[in-house]
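> Sequence:
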Amino acid sequence: MKKKLSKGGKIAIFIIGIIVLLFVVASIVSTPTDGGSDPTSSAAEGGEQQSLKGKVLYEDSNYKVTYVGFEDPGMGVTAFNLSLKIENNSDKKVVATLVDGYANDTAVFFGSGVPVEIMPGKNAVGVFILGYNNTGISSIDEIEKLQFKIQLYDENFSESLLKTSDITLNLK
Numbered sequence: 000m001k002k003k004l005s006k007g008g009k010i011a012i013f014i015i016g017i018i019v020l021l022f023v024v025a026s027i028v029s030t031p032t033d034g035g036s037d038p039t040s041s042a043a044e045g046g047e048q049q050s051l052k053g054k055v056l057y058e059d060s061n062y063k064v065t066y067v068g069f070e071d072p073g074m075g076v077t078a079f080n081l082s083l084k085i086e087n088n089s090d091k092k093v094v095a096t097l098v099d100g101y102a103n104d105t106a107v108f109f110g111s112g113v114p115v116e117i118m119p120g121k122n123a124v125g126v127f128i129l130g131y132n133n134t135g136i137s138s139i140d141e142i143e144k145l146q147f148k149i150q151l152y153d154e155n156f157s158e159s160l161l162k163t164s165d166i167t168l169n170l171k
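In numbering that gives the first Met the number 0, the protein residues as written are 0 to 171.
Worth flagging that the hints you see were computed from the coordinates, not collected in a lab. Warning: the hint list may mix true and false statements.
Claimed, not checked - With a straight-line Cα cutoff of 30 Å, these simulated BS3-like cross-link-like pairs (lysine-lysine) come out:
| no. | residue 1 | residue 2 |
| --- | --- | --- |
| 1 | K84 | K148 |
| 2 | K54 | K171 |
| 3 | K121 | K54 |
| 4 | K54 | K92 |
| 5 | K91 | K52 |
| 6 | K91 | K63 |
| 7 | K162 | K92 |
| 8 | K92 | K63 |
| 9 | K162 | K52 |
| 10 | K171 | K144 |
| 11 | K171 | K63 |
| 12 | K84 | K54 |
| 13 | K84 | K162 |
| 14 | K148 | K52 |
| 15 | K52 | K121 |
| 16 | K54 | K162 |
| 17 | K121 | K92 |
| 18 | K144 | K162 |
| 19 | K171 | K52 |
| 20 | K162 | K148 |
| 21 | K144 | K63 |
| 22 | K144 | K84 |
None of the values given here were measured: they were computed from a predicted structure.
Between the sequences and the hints, there should be enough to build the whole structure, so can you do that?
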């Protein structure tokens, strides 16, 4: 004999159905539609950008900064990710930031979701988020040149330990 669902049971099944539907829609929206290519790949990752991988952008006796990559995370936000490997050969813990950022000579914001902290004698790959909202840039493929300065602080942000001159990345 079939058991009849109560009104509360019907509501619970309806809510579960809505949640499942939302997950299905979210997975469809986030799946690439161009034959399954990686959403982070772009024309900017070819040619010049490939030759930049591993390029030392700054080096002295205490610090070394190397280019790792520049990509669109494909999340529908107005930001791209610039990855840099930072080596700390000093005797102090440092926090890395990027300042005075430009994309194609238009000012942009570089931030990081979490501080890029590096202990003495260690290294880290910092992902710096380039916010391009209100710049006229609509695609990573449009960015031909990035400019920024690397600034390193002590762990309390009380002392600037390094501020480089302008670093220019020609992506095309």
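> Hints first: check each against the structure and report whether it holds.
Hints, verified against the model:
no.	hint	verdict
1	K84 <-> K148	holds, 15 Å
2	K54 <-> K171	holds, 15 Å
3	K121 <-> K54	holds, 19 Å
4	K54 <-> K92	holds, 24 Å
5	K91 <-> K52	holds, 27 Å
6	K91 <-> K63	holds, 14 Å
7	K162 <-> K92	holds, 16 Å
8	K92 <-> K63	holds, 14 Å
9	K162 <-> K52	holds, 22 Å
10	K171 <-> K144	holds, 8 Å
11	K171 <-> K63	holds, 24 Å
12	K84 <-> K54	holds, 10 Å
13	K84 <-> K162	holds, 16 Å
14	K148 <-> K52	holds, 18 Å
15	K52 <-> K121	holds, 20 Å
16	K54 <-> K162	holds, 19 Å
17	K121 <-> K92	holds, 9 Å
18	K144 <-> K162	holds, 20 Å
19	K171 <-> K52	holds, 13 Å
20	K162 <-> K148	holds, 7 Å
21	K144 <-> K63	holds, 21 Å
22	K144 <-> K84	holds, 19 Å
Violated hints for the displayed structure: none, as all numbered hints are satisfied.
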